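Colleague: Sequence:
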Amino acid sequence: MTVKQMYERVTLTVAVSERDFFDRLNDTIAELCATYGEPPKLLWKADESGEYPSEQHIRTFEADKNSEGSLKILPLYHGCMVDNILYLSGGGDAYKSEFLRKAKSAWLVYWNANAKGRRVKFFRCNGACGCDKGAGD
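According to my numbering, the sequence shown is numbered sequentially starting from 58.
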């Protein structure tokens, strides 16, 4: 989804100026970075050299047309970004909960794709470490 398409989706529901839209879009990107920025390949698209950006500021609708200012957030996050912009524009609390749900869902999709069959090992204590967890078993 392009920045222009995001703006059109937002304005279908809430009247918002372009300047407010870009402010809220950048706030949304910052919130996603704070929540899901580690590791960066679960949030960002890599550039031609394979590097991941640390942050991003969008100022124009044409930002996604040129390579240096393109929207580098992975595509599954785009829908949740619209919900957060709607929430920040006074659309209601339902949009915030949808933003959080969709963002977590997108992160899990990318996390699972990145896991590539790896598994998480669980440690079961048998009491040998000195704790009383395994004593009653």
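Derived by calculation from the structure, the hints in this document are not laboratory data.
Incorrect hints may appear among the rest.
Unchecked claim - With a Cα cut of at most 25 Å, we get these calculated SDA-like pairs of lysine to any residue:
| # | residue 1 | residue 2 |
| --- | --- | --- |
| 1 | K161 | D104 |
| 2 | K159 | F118 |
| 3 | K153 | R116 |
| 4 | K61 | K159 |
| 5 | K159 | G174 |
| 6 | K153 | N83 |
| 7 | K159 | H135 |
| 8 | K159 | S106 |
| 9 | K153 | R66 |
| 10 | K98 | G148 |
| 11 | K98 | D77 |
| 12 | K129 | S162 |
| 13 | K98 | W164 |
| 14 | K98 | V73 |
| 15 | K161 | E119 |
| 16 | K61 | D77 |
| 17 | K61 | G174 |
| 18 | K159 | S111 |
| 19 | K98 | N169 |
| 20 | K153 | H135 |
| 21 | K173 | F118 |
| 22 | K173 | K153 |
| 23 | K129 | K178 |
| 24 | K153 | Q113 |
| 25 | K98 | R76 |
| 26 | K178 | W168 |
| 27 | K178 | G94 |
| 28 | K129 | Q62 |
| 29 | K153 | G174 |
| 30 | K61 | G148 |
| 31 | K61 | G136 |
Unchecked claim - FRET-style restraints, in silico, Cβ to Cβ:
| # | residue 1 | residue 2 | range |
| --- | --- | --- | --- |
| 32 | A172 | E119 | 32 to 42 Å |
| 33 | A103 | A172 | 14 to 24 Å |
| 34 | Y109 | N83 | 37 to 47 Å |
| 35 | T117 | K178 | 18 to 28 Å |
| 36 | T70 | K178 | 41 to 51 Å |
| 37 | G174 | D84 | 14 to 24 Å |
| 38 | K153 | E95 | 17 to 27 Å |
| 39 | T92 | A170 | 36 to 46 Å |
| 40 | K178 | G147 | 13 to 23 Å |
A quick note: this is a predicted structure, and the numbers were derived from the prediction, not measured.
Glycine included, every Cβ here is placed at the ideal spot set by N, Cα and C.
Colleague: Evaluate each hint against the coordinates.
Modeller: Hints and how they fare:
1. Taken as a hint, the K161 and D104 pair is honoured in the structure, with Cα atoms around 24 Å apart against an allowance of 25 Å.
2. Distance restraint check for K159 and F118: the Cα-Cα separation of roughly 24 Å lies within the 25 Å cut-off, and the hinted pair is therefore satisfied.
3. For the proposed pair K153 and R116, the alpha carbon gap of about 23 Å is at most 25 Å, so the pair holds.
4. As the CA atoms of K61 and K159 are separated by approximately 20 Å, the hinted pair is consistent with the 25 Å bound.
5. Between K159 and G174 the alpha-carbon distance is near 23 Å, which keeps this suggested pair within the 25 Å criterion.
6. Our distance criterion of 25 Å between C-alpha atoms is met by K153 and N83, whose separation comes to about 16 Å.
7. In summary, the hint linking K159 to H135 is supported, as the alpha carbons are separated by about 9 Å, within the 25 Å threshold.
8. A C-alpha spacing of about 29 Å is found between K159 and S106, which places the hinted pair above 25 Å, so the restraint is violated.
9. About 16 Å separates the Cα atoms of K153 and R66, which keeps this hinted pair within 25 Å; it holds.
10. The hinted pair formed by K98 and G148 fails the criterion: a straight-line CA distance of about 31 Å is larger than 25 Å.
11. Distance restraint check for K98 and D77: the Cα-Cα separation of roughly 29 Å exceeds the 25 Å cut-off, and the hinted pair is therefore not satisfied.
12. Straight-line distance between C-alpha atoms of K129 and S162 comes to about 18 Å, which keeps the hinted pair within the 25 Å bound.
13. Restraint check for K98 and W164: satisfied, since their Cα atoms lie roughly 10 Å apart, inside the 25 Å limit.
14. Simply put, K98 and V73 have alpha-carbon atoms about 32 Å apart, too far for the 25 Å limit, and the pair is violated.
15. Between K161 and E119 the CA atoms are separated by roughly 28 Å; this puts the pair beyond 25 Å, and the hint is violated.
16. With a C-alpha separation of about 14 Å, the suggested pairing of K61 with D77 holds against the 25 Å cut-off.
17. Between K61 and G174 the alpha-carbon distance is near 37 Å, which puts this suggested pair outside the 25 Å criterion.
18. Between the alpha carbons of K159 and S111 the distance comes to roughly 22 Å, so the proposed pair stays at or under 25 Å and holds.
19. The straight-line distance between the Cα atoms of K98 and N169 is roughly 12 Å, inside the 25 Å bound, and the hint therefore holds.
20. Under the criterion of a C-alpha separation no larger than 25 Å, the hint pairing K153 with H135 is consistent with the structure, at around 14 Å.
21. Our distance criterion of 25 Å between C-alpha atoms is broken by K173 and F118, whose separation comes to about 36 Å.
22. The straight-line distance between the Cα atoms of K173 and K153 is roughly 31 Å, outside the 25 Å bound, and the hint therefore fails.
23. As the CA atoms of K129 and K178 are separated by approximately 33 Å, the hinted pair breaks the 25 Å bound.
24. Pair hint K153 plus Q113 holds up; C-alpha atoms about 22 Å apart against a cutoff of 25 Å.
25. Proximity of K98 to R76 is assessed by CA-CA distance (about 29 Å); at most 25 Å being required, the pair is judged violated.
26. Between K178 and W168 the alpha-carbon distance is near 17 Å, which keeps this suggested pair within the 25 Å criterion.
27. Pair hint K178 plus G94 holds up; C-alpha atoms about 24 Å apart against a cutoff of 25 Å.
28. A distance of roughly 15 Å separates the Cα atoms of K129 and Q62; the hinted pair therefore holds under the 25 Å criterion.
29. A hinted pair counts as satisfied when its Cα atoms are at most 25 Å apart, and K153 with G174 does not qualify at roughly 32 Å.
30. Restraint check: the Cα-Cα separation between K61 and G148 comes to about 19 Å, which is no more than 25 Å; the hinted pair holds.
31. Annotation: proposed proximity of K61 to G136 holds, straight-line Cα distance about 13 Å (limit 25 Å).
32. For the pair A172 and E119, the supplied restraint of 32 to 42 Å holds, since their beta-carbon distance comes to about 36 Å.
33. A hinted range of 14 to 24 Å holds for the C-beta pair A103 and A172, which are about 18 Å apart.
34. Between Y109 and N83 the C-beta distance comes to about 18 Å, which lies outside the given range of 37 to 47 Å.
35. In this structure the hint that T117 and K178 lie 18 to 28 Å apart at CB is violated, the actual value being about 48 Å.
36. The supplied range of 41 to 51 Å is met by T70 and K178, whose beta-carbon atoms lie about 46 Å from each other.
37. Here the CB-CB span from G174 to D84 is close to 37 Å, at odds with the stated 14 to 24 Å.
38. Range check, K153 to E95: Cβ separation about 23 Å, and the 17 to 27 Å hint holds.
39. Checked against the hint of 36 to 46 Å, the pair T92 and A170 fails, with Cβ atoms roughly 18 Å apart.
40. At roughly 46 Å, the beta-carbon separation of K178 and G147 lies outside the given 13 to 23 Å, and the hint is violated.
Checked against the numbered hints listed earlier, the structure breaks hints 8, 10, 11, 14, 15, 17, 21, 22, 23, 25, 29, 34, 35, 37, 39, 40; every other hint is satisfied.
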